[in-house]
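Work out the full structure, taking the sequences as your base and the hints as a guide.
Here's the letter readout for the chains.
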Amino acid sequence: MERQNWKAWLYLMPAVLFLSAFLVYPLIDVFIYSFEEGYNSASQNFFGVGLYNYEYVLHDPYFLQAVKNTFILVFITVPVSTALAVLISVGLSSIQKLRDLYQTVYFLPYVTNTLAVGLVFMILFKQTPYSDGFINSIITFFGGTAIDFIGGPYWAKMLVLCIYTVWVVLPFKILVLTSALASVNQDYYNAAKVDGTPKLRIFTKITLPLISPTLFYLIITGFIGAFKAYSDAVALFGTDLNAAEMNTIVGYVYDMLYGNSGGYPSYASAAAIILFAIVLTITVINLLVSRKHVHY
Amino acid sequence: MANELDFEKIEQSAARRQKIVKVITYVLLTVWAVVVLFPFYWMILTSVKSYSSYNAEYVPLLYTLAPTIQNYMDAFTTVPLADYFLNTVIFTLATTALMLVVTIPAAFAFARLNFRGKDLVFTLFLSLMMIPSELVIITNFVTITNLDLRNSFLGLILPSVTSVFYIYLLKENFAQIPDELYYAAKVDGTSDFKYLMKVMIPMCRPTIVTITILKIIECWNSYVWPRLITDDEAYYLVSNGIQTIRESGFGRENIPAMMAAVVVISMPLIVLFLIFHKKIMAGVARGGTKG
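Taken in sequence, the protein lines are chains A and B.
With the first letter of the first sequence counted as 1, position 295 gets the number 295 in our numbering; the numbers rise by one all the way through.
With the first letter of the second sequence counted as 1, position 115 gets the number 1115 in our numbering; the numbers rise by one all the way through.
Don't read these hints as lab results, they were simulated from the structure.
Don't take every hint at face value.
Quick list of in silico lysine-lysine cross-link-like pairs, PhoX-like style, CA-CA up to 20 Å [said to hold, decoys possible]:
id : chain 1 : residue 1 : chain 2 : residue 2
1  : A       : Lys193    : B       : Lys1022
2  : A       : Lys7      : B       : Lys1198
3  : B       : Lys1198   : B       : Lys1186
4  : B       : Lys1118   : B       : Lys1171
5  : B       : Lys1022   : A       : Lys97
6  : B       : Lys1186   : A       : Lys7
7  : B       : Lys1198   : B       : Lys1171
8  : A       : Lys205    : A       : Lys193
9  : B       : Lys1019   : A       : Lys193
10 : B       : Lys1279   : B       : Lys1171
11 : B       : Lys1278   : A       : Lys97
12 : A       : Lys7      : B       : Lys1118
13 : B       : Lys1022   : A       : Lys199
14 : B       : Lys1194   : B       : Lys1171
15 : B       : Lys1019   : B       : Lys1009
16 : B       : Lys1171   : A       : Lys7
17 : A       : Lys205    : A       : Lys292
18 : B       : Lys1019   : A       : Lys97
19 : B       : Lys1019   : A       : Lys199
20 : B       : Lys1194   : A       : Lys7
Since the model is a prediction, treat every value here as computed from it, not as a measurement.
Listed below in structure tokens is the structure:
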């Protein structure tokens, strides 16, 4: 076979240039930054190498708050959204009429601007002196008391953030799960029908095991995505997330880089690396758990 | 005789039960559809309520009897919404075009050409997909700042161009084209480049359209990078624009005008989605994640 070495590299060149400049080099550099102590982005020098940046970040109350928020968000939204996605896609695949319509509607949030639609959620949940807002009107209608979900108590803000996050991530999960359900071989169901297997049993013994690889893929990507939560929070609570007590780890990284408290790429790098150490650990745990429960 | 009747009864009750289950399924699915659509309804509804009527409603109404387009006029005149919009169009088109210029040749090289270390290089490319953007954005921020490219389109565009996933997707599609075509073209003396332009690209148009649309969506919605790299309003994209509008634009209380701006910046993608929803959903189901 004729070799086309130089020509192939010519075709690959643009991609290689872009990837090495904006993906490979930065990946290496971020580790270097994280160990450079007292780095100053104006004068571009530093006075030591060590673990001080990590120490600083781990003792920063804003970072600890961000870690707490992110963990609460992850461990609420991932199970809730995955369970909801399973319910909805099982419902979707059990009907024929209007299925395409429902599917298209459900996917709509995926293509919308998170920041823009977040504003709508903010308005729906916000309580102002002039109006209780839509959600509070419903709550008071059923006899509850109105709460300011956007500027009020911590748990109320967290609740809105979780609801909005679930709303944003569901389209992708529903889409992937419905395609997985559609590819399950109908013979299994027919055989179960002949045996007169109850529906719940069909679901737990046939459907779940057969879609378990997809489900597991969604759980892993769900964890990773939820740990990187940021713009949903900005959409709801504005750019000053620390003041709102709603900052996330990624938000902390960006605040360290830029903004009112910015200019510290070293702290940002250390925080980002801590985040990905957490994500990696969780992913490994997921993989270990899945070995027992996923049928390939 | 009695037995037959029993069968009929059992069948009837089973059919009834199935019907009930079906009705419940439809009801629940409709409830979720309402949850999905309601924010969109609310933003359009609020955007056509007049400022005074919106603020007069202590309990917000689910309809309005006097729709107005005043808010849309405000959205374009009081804040530079048209500029944000134009910036985003320029950014999206330029980034997507560059993405195609980078992706197509790379996919071609992996799918069609033979070179030393091809498998190794391809594996390395794939492993790049796992690098989280949050890690590399820090150095990119410093790089672009040092190059003095903050508040410029070049600074916005360059780090947003490449997506390894699209190279992978296109390479898989290119590889499906039968080798015979290539050899036939070679016999006819067609150059590789001409073969790529005249045969491969037309044959793989559906995939190219898919990755183009996915990239457009990604660019239109991008927020983090533009926010880091621009602080001059002249270069704001819609995401940053909407954030500025929220924090200072119309004065905090002019919610209807804010919603008009939200409608304006959401519309292009919703229209794109309504036209291409099959393609977009198929493309995302093949492994895209929200960028």
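Hint check results:
1. Of the supplied pair hints, the one linking Lys193/A and Lys1022/B holds, its CA atoms being roughly 18 Å apart against a limit of 20 Å.
2. Between Lys7/A and Lys1198/B, the direct Cα distance comes to roughly 18 Å. Compliance with the 20 Å bound is thereby established for this hinted pair.
3. About 13 Å separates the Cα atoms of Lys1198/B and Lys1186/B, which keeps this hinted pair within 20 Å; it holds.
4. A C-alpha spacing of about 13 Å is found between Lys1118/B and Lys1171/B, which places the hinted pair at or below 20 Å, so the restraint holds.
5. Proposed proximity of Lys1022/B and Lys97/A is supported: the alpha carbons are some 11 Å apart, at most 20 Å.
6. With a C-alpha separation of about 16 Å, the suggested pair Lys1186/B and Lys7/A falls inside the 20 Å cut-off, and the hint holds.
7. Between the alpha carbons of Lys1198/B and Lys1171/B the distance comes to roughly 17 Å, so the proposed pair stays at or under 20 Å and holds.
8. As the CA atoms of Lys205/A and Lys193/A are separated by approximately 13 Å, the hinted pair is consistent with the 20 Å bound.
9. With a C-alpha separation of about 18 Å, the suggested pair Lys1019/B and Lys193/A falls inside the 20 Å cut-off, and the hint holds.
10. With a C-alpha separation of about 18 Å, the suggested pairing of Lys1279/B with Lys1171/B holds against the 20 Å cut-off.
11. This hinted pair checks out: Lys1278/B and Lys97/A have alpha carbons roughly 17 Å apart, not beyond 20 Å.
12. With a C-alpha separation of about 13 Å, the suggested pairing of Lys7/A with Lys1118/B holds against the 20 Å cut-off.
13. Pair hint Lys1022/B plus Lys199/A holds up; C-alpha atoms about 13 Å apart against a cutoff of 20 Å.
14. Pair hint Lys1194/B plus Lys1171/B holds up; C-alpha atoms about 18 Å apart against a cutoff of 20 Å.
15. For the suggested pair Lys1019/B and Lys1009/B, the alpha carbons sit about 15 Å apart, so the restraint of at most 20 Å is met.
16. Only pairs whose Cα atoms come within 20 Å are accepted, and Lys1171/B paired with Lys7/A is accepted, the gap being roughly 17 Å.
17. Under the criterion of a C-alpha separation no larger than 20 Å, the hint pairing Lys205/A with Lys292/A is consistent with the structure, at around 15 Å.
18. For the hint linking Lys1019/B to Lys97/A, the alpha-carbon distance of about 14 Å falls within 20 Å, and the restraint holds.
19. Of the pairs offered as hints, the one joining Lys1019/B and Lys199/A holds, with about 15 Å between alpha carbons and a cut-off of 20 Å not exceeded.
20. Distance hint between Lys1194/B and Lys7/A is fulfilled; the C-alpha atoms sit about 14 Å from each other, no more than 20 Å.
In summary, the structure agrees with every hint in the numbered list given earlier.
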